[in-house]
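There are 2 protein chains.
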Amino acid sequence: MKAGAIELGEGAKSSTPRSTAVNKGVSVLDFIFRLLALIGTLGSAIAMVTTNETLPFFTRFLRFRAEYDDLPSFTFFVVANAVVTGYLLLSLPFSIFHIVRSSAQNTRIVLIFFDMAMLALLTAGASAAAAIVYLAHKGNTKVNWLAICQQFNSFCERTSGALIGSFVGVVLLGVMIMLAGVALARRP
Amino acid sequence: MKAGAIELGEGAKSSTPRSTAVNKGVSVLDFIFRLLALIGTLGSAIAMVTTNETLPFFTRFLRFRAEYDDLPSFTFFVVANAVVTGYLLLSLPFSIFHIVRSSAQNTRIVLIFFDMAMLALLTAGASAAAAIVYLAHKGNTKVNWLAICQQFNSFCERTSGALIGSFVGVVLLGVMIMLAGVALARRP
Numbered sequence: 001m002k003a004g005a006i007e008l009g010e011g012a013k014s015s016t017p018r019s020t021a022v023n024k025g026v027s028v029l030d031f032i033f034r035l036l037a038l039i040g041t042l043g044s045a046i047a048m049v050t051t052n053e054t055l056p057f058f059t060r061f062l063r064f065r066a067e068y069d070d071l072p073s074f075t076f077f078v079v080a081n082a083v084v085t086g087y088l089l090l091s092l093p094f095s096i097f098h099i100v101r102s103s104a105q106n107t108r109i110v111l112i113f114f115d116m117a118m119l120a121l122l123t124a125g126a127s128a129a130a131a132i133v134y135l136a137h138k139g140n141t142k143v144n145w146l147a148i149c150q151q152f153n154s155f156c157e158r159t160s161g162a163l164i165g166s167f168v169g170v171v172l173l174g175v176m177i178m179l180a181g182v183a184l185a186r187r188p
Numbered sequence: 001m002k003a004g005a006i007e008l009g010e011g012a013k014s015s016t017p018r019s020t021a022v023n024k025g026v027s028v029l030d031f032i033f034r035l036l037a038l039i040g041t042l043g044s045a046i047a048m049v050t051t052n053e054t055l056p057f058f059t060r061f062l063r064f065r066a067e068y069d070d071l072p073s074f075t076f077f078v079v080a081n082a083v084v085t086g087y088l089l090l091s092l093p094f095s096i097f098h099i100v101r102s103s104a105q106n107t108r109i110v111l112i113f114f115d116m117a118m119l120a121l122l123t124a125g126a127s128a129a130a131a132i133v134y135l136a137h138k139g140n141t142k143v144n145w146l147a148i149c150q151q152f153n154s155f156c157e158r159t160s161g162a163l164i165g166s167f168v169g170v171v172l173l174g175v176m177i178m179l180a181g182v183a184l185a186r187r188p
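Protein chains in written order, with the UniProt record's numbering: chain F, 1 to 188; chain L, 1 to 188.
Just chain F, same shape as in the assembly (with noise of 0.2 Å):
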């Protein structure tokens, strides 16, 4: 429906073919980049969701089994991993369109807004998880809480572990939202 609009527009065309071929390589490179982050948000969603150990001895303050939805940042950070990987998912058919028609306008512009709000998305799960990976590491006397990973080591190392595939989603994103201004600005 979208896409008949847009060629609707497209209809006649005369611009400058240096001007569309640089249009081309960025599409090129913003499918790349999307396929990357996609990679990157869903490693990092199977990373945190698989992570949970279960300790071979307990104290009296520690449980048994760590797992990720103890904490409801992780939950988060999945949820928002996980819609962020769905949206990439969903996306790769206008990205594949944009190299196909590199002087398609509308579509830039609505995957533009919609990166955006996914960039916001991903960092804000991004940073709460790593907000509790930090707490979990280093823990807080002032207040008390406890570092727990010297009990639960695996389950924080493959914690922090999936906070990479996220934060490399995030700079990837923000690449791509670059890009397509680019591509938005240099056009005809």
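I should point out that these hints are in silico values taken from the structure, not numbers from a laboratory. Even for Gly, the Cβ is constructed at its ideal location relative to N, Cα and C. Hints may contain errors.
What the hints assert, rightly or not - Sample of chain F residues facing chain L (criterion: CB under 7 Å; computed from the structure):
no., residue
1, GLY25
2, LEU29
3, ASP69
4, SER73
5, THR123
6, ALA124
7, SER127
8, ALA128
9, ALA131
10, ILE132
11, LYS142
12, VAL143
13, TRP145
14, ILE148
15, GLY161
Let chain F serve as the given structure and place chain L on it in line with the hints.
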């Protein structure tokens, strides 16, 4: 004053009048939102920095005094808000420039990129602080982090309140980026 500025700029026009009028309206909105976001983030930073509570009693686990920099996430929150406040202040002249010259493109594109970076930074700061505020309110029995809000009641309320200005800033920055996108798409 604002209305005067618009009427002044309306004067000599050669490009399509409707598109220019829309761009001018968008620029005025951008200026207003920028000012509101500035107030929001400045308020957040000040509210967080000035937060501290001294308890009239103490227990074995809790200190006499809670300050914002006892929690690294709150420090990051203050830094993020201060940086965004500074940026918004510096960007105000550009916003005014866009009202006067509503067909400006390059500065708009530059501003959209910086806005995006600031949006990401502010979202990160606000989310990290929100994760900690949530923990302070609810605690987490699974990992034995106690809710500190029963003790530090006014400290908790103050830090929770400080989040509002920051999240308002996030929303306004998002709206500003979209407005700038509209202005760019509509350019003559």
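Here's how the hints hold up against the structure:
| no. | hint | result |
| --- | --- | --- |
| 1 | GLY25 | 19 Å, violated |
| 2 | LEU29 | 16 Å, violated |
| 3 | ASP69 | 9 Å, violated |
| 4 | SER73 | 5 Å, holds |
| 5 | THR123 | 5 Å, holds |
| 6 | ALA124 | 4 Å, holds |
| 7 | SER127 | 4 Å, holds |
| 8 | ALA128 | 4 Å, holds |
| 9 | ALA131 | 4 Å, holds |
| 10 | ILE132 | 6 Å, holds |
| 11 | LYS142 | 4 Å, holds |
| 12 | VAL143 | 5 Å, holds |
| 13 | TRP145 | 4 Å, holds |
| 14 | ILE148 | 5 Å, holds |
| 15 | GLY161 | 19 Å, violated |
Hints 1, 2, 3, 15, counting from the list given before, are not met by this structure.
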